[in-house]
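Asker: What follows is each chain in one-letter form.
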Amino acid sequence: MVGRGDNGKRTRVGGGVLATLYRYELTMLLRDSRTILIAIVAPLVLFPALVLMSRAVERRDQQRVEEATYRYAVIGSEADLASQLIERALEMAEPDSGLAPASFVEQEGSGADSLVRVGSLQLAVEGLSPEEYRRIRAGEAASEDSDGVDIPMQDVLPQVPVIRLHYRSDRDVSRAAMERLRARLGEVRRLHRDSVYRAHGFPITDRVGVLESRNVASAAREGGALLGLILTPLLLFLMLSGGSIVAVDAISGEKERGTLETLLTTAAHRSEIVNAKQLAVITVGVAVTVINLLNLLVYVVFGLIELPQNLAVDLSAASLLMLLGLFLPLTVLVSSALLLLSGYAKSYKEYQMYFFPLFLLFILPALLATLPGMDLRSAIALVPVAGVGVGVREVLVGEHDWPFLALAFLSTGVTAIGAARLTERTLSTERLISGADLDQADLRGGPDLFHRRVLRWFGLMWVLLLLISLWMGEELGLRGQLLFNIMGLFFVGSLLMIRTYRLDPVAAFALRMPHPAAWFATLIGAPAALVTGIGVAEMFQRIAPVPERVLRSFGEFAVAGDPMPLWEMVLLVAVVPGIFEELAFRGVLLHGLSRRLRPVPLVLTVGLLFGLFHMNLWRIPPTAYLGTLLATVVLLTGSIYPAMLWHAVNNAAALIPVELAWVTEDYQLPLWAYPVAAAVLAAAFTVLWLTRRPYPVPGRPSTASRAGGRAPPRP
Amino acid sequence: MSPSGSAVWVEGLTKTFYDEARGEVCAVDGVSFQCRPGEIFGLLGANGAGKTTTLRMLSTILRPSAGTAHLMGHDVVSEPAEVRANLGFYSASTALYPRLTARETLEFFARVNRYPKELVAGRVEELVHRFSIAEFQNARVEKLSSGMKQKVSIARTVVHDPPVLIFDEPTVGLDVINALEMQEVIRALKDEGKTIIFSTHIMSEAEKLCDTIAILHAGRILASGSLEDHRRATGKHYLEDIFVYYVRDGGADTGGVAPGADEPIGVLPAPES
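Just so you know, the protein sequences line up as chains U and W, in that order. Under my numbering, the first residue of the first sequence carries the number 3, and numbering increases by one thereafter. Under my numbering, the first residue of the second sequence carries the number 300, and numbering increases by one thereafter.
Hints are computed from structural coordinates only; laboratory data are not their basis. By construction, the Cβ of each residue, glycine as well, lies at the ideal position given by its N, Cα and C atoms. Careful: at least some of the hints might be erroneous.
Unchecked claim - Short derived list, chain W residues pointing at chain U, Cβ under 8 Å:
#1 A384
#2 S392
#3 R410
All chains, please: the whole structure from these sequences, using the hints.
Answerer: What follows is the structure, encoded as structure tokens:
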């Protein structure tokens, strides 16, 4: 057997070691009786209990609703009409509902509406004259009490009385009473209308035709389509939860117990250790999946779970093989990912913390594959997990698109191998092997800790911003939101970080003077950047077209509410963000991340985060682009001031031409503007580069080459 | 064997960590030494001196940032599996699998260390008797007392009969009786011809056990030699005084010159075999 040694060379590896590791891994798992009990036995027992219980409850509820006596009262000025209609409705056969026959009992009518509210009546039928109805609706509209009404006002004809059914949607008996009476009243109405038509000589029975729809899909195809929706997510769910039983113990558990170091000092290769553990994860994951599926099958066979009628799946041997072929890389990927998680986590607790995001990472693409219209013959075949999900669906309905099935197989398979390799690397990553090493930064706090916490702070700020925009967006208005977000959140947040981590404000905010030439570069660069930014936004729109509403919402938002004088607009939209957003993003955030990231990832990260703070998918690309440019400006000038000016000029230049009605909102830039702007932007960055004053990175000696040895990204 | 016929040959071994708080930290800074076959080589140093990092590089858990190390002629970087096959590594942090029995533990580690299959049973039997494990050999490790676990741990370390053994602070956390037992085991293993690297911060242990004592401080070996060599070089009798002489009085605290010594620190040559 040939494997890779720890040094990456291909060396001979004894199959015996791998087999020993695998055997003992499983032995140890099987001896952990609590795990077995909780992970395997408990679901087997709990699942049927849950199914039986829910079926019993469901049956009882249905019976209660069906067999109930619906008590109703008739009220209102047109009560007689309502009573007549009800009488006729109850005489006729119920439209096929598949339910037991309903029994309606009329009761005394005073205050019926409130009796329904209290719950002693299921239904109040109110007959109203059109004028009365109009008055009532107007009153309800004024008191904002019209949510429960389901016909628009204009549908009410001037001479026609209205029959109102009062019910409570939270009481299923009341709701059933309404639905069943309404269906029959509707039928009465239809028959009456037809007879009126006929009486006036309308030949309604000819020339209208009868509609019928016929399903030509075979039962097998239908069953396959249905199974295709649930199979991949279900298997993933079972394998992830089953494989996790071993995976959590396999590496992170060994770290916690201190046995990993013992194992790593043996003559076993890292690849043997990872492969043996992976085999164990696969074994248990597949075993748990099979056990649960068999369990499910038992309930189906004994009729405890009812399948949809006529469900049939017709799978040829070839299709079955293909399904297994598709699930193979998925199984390996699940085990690789779980093991990678285990290698990355230093303890059980950490593993559990990371498990849920990993779970979503698998389940979401699997669910993506179940969306209607997903076709394997598209980029989805390249998405790991999702490609397999779509492939499985197609195989189940009897379609075999070979090249794309192969693509789906490969995309998931290659990802699985990559994850396994990464896991091997975690066993050589010193920081991850022994978790208990004392963390100096945690003890000392202050600036040493800041660069590790800065993303958490901005994450918190992002969540706050999201909540504010969701809950208080309208109340605050433009003025309030800008002031609250920018001054309140960004500035106060920045000051809090500086205080908490005892940062030097001059360094954190980059309050240094730039080279004088930087001002010139800024003044020519900012408008050019705006134009190229518009280009970026438009390119993105080609990929993800913006709904018209979203495109204009910002403008409408600004226009709505009290009109703002231009000076205030400029102050709020250009000057204030220019100062305070720069202090937060190109100041504190850049300062914190600069110690962890090299310049290119640094400016891209700052730019992306800045874009994400704009809370709107279509605004992210241009704002992220601007943020990236601004971060580059700060790295090149070593100062926040040119970035502030740049940002303010950018926002003002976007705002003023529209506000002063020089151009309309849907003004399109001429095509030549983009290359010209790109050239001007390049010139601006050349000036900045030639006159650069490096940005000092905390904790590292500053060198000119580190500070910005590359041209800024171009559109 | 290694270039000079030593069992362990270490040259300029360096380990630099990147610590987010402190930046680059040099935990081990150009350490060189050699162990003759069959000797007990002691690494004496305070906590944080770099003992464990050095030994972890020797056992291939950590990768050196610079320098080389050979164990029985195998390079720790290019032939890690061969190095580990020739090595038994014991430390306070190398725990046992709680759900295996004592006997299974030994079988497992013999197999994983590629001990010849047909000899495993005999070897395990031998160790079970030698370390008095017989009466609890079929009990799970999680049920054993700490003294019993220690015995199993030592047996686990030597089960594949490696020529080199590393004991990294083996007596940490042991009571006096268990610590003495550990010392006896180490001496017995030396008598069998094993080469032993032994790290400790306890002076009396080093005095009693080690043929060669290297004093490690802040990632560097300040001096290396037999106890007699050290006594001659420093004029002190007790190892404690010798250690303090090198580490504190001779360190940067007093300007780098040891009182009463006319030789600069660190020139004491490692004994050549």
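Asker: Enumerate the violated hints, using their earlier numbering and listing them in ascending order.
Answerer: No hint contradicted; all consistent.
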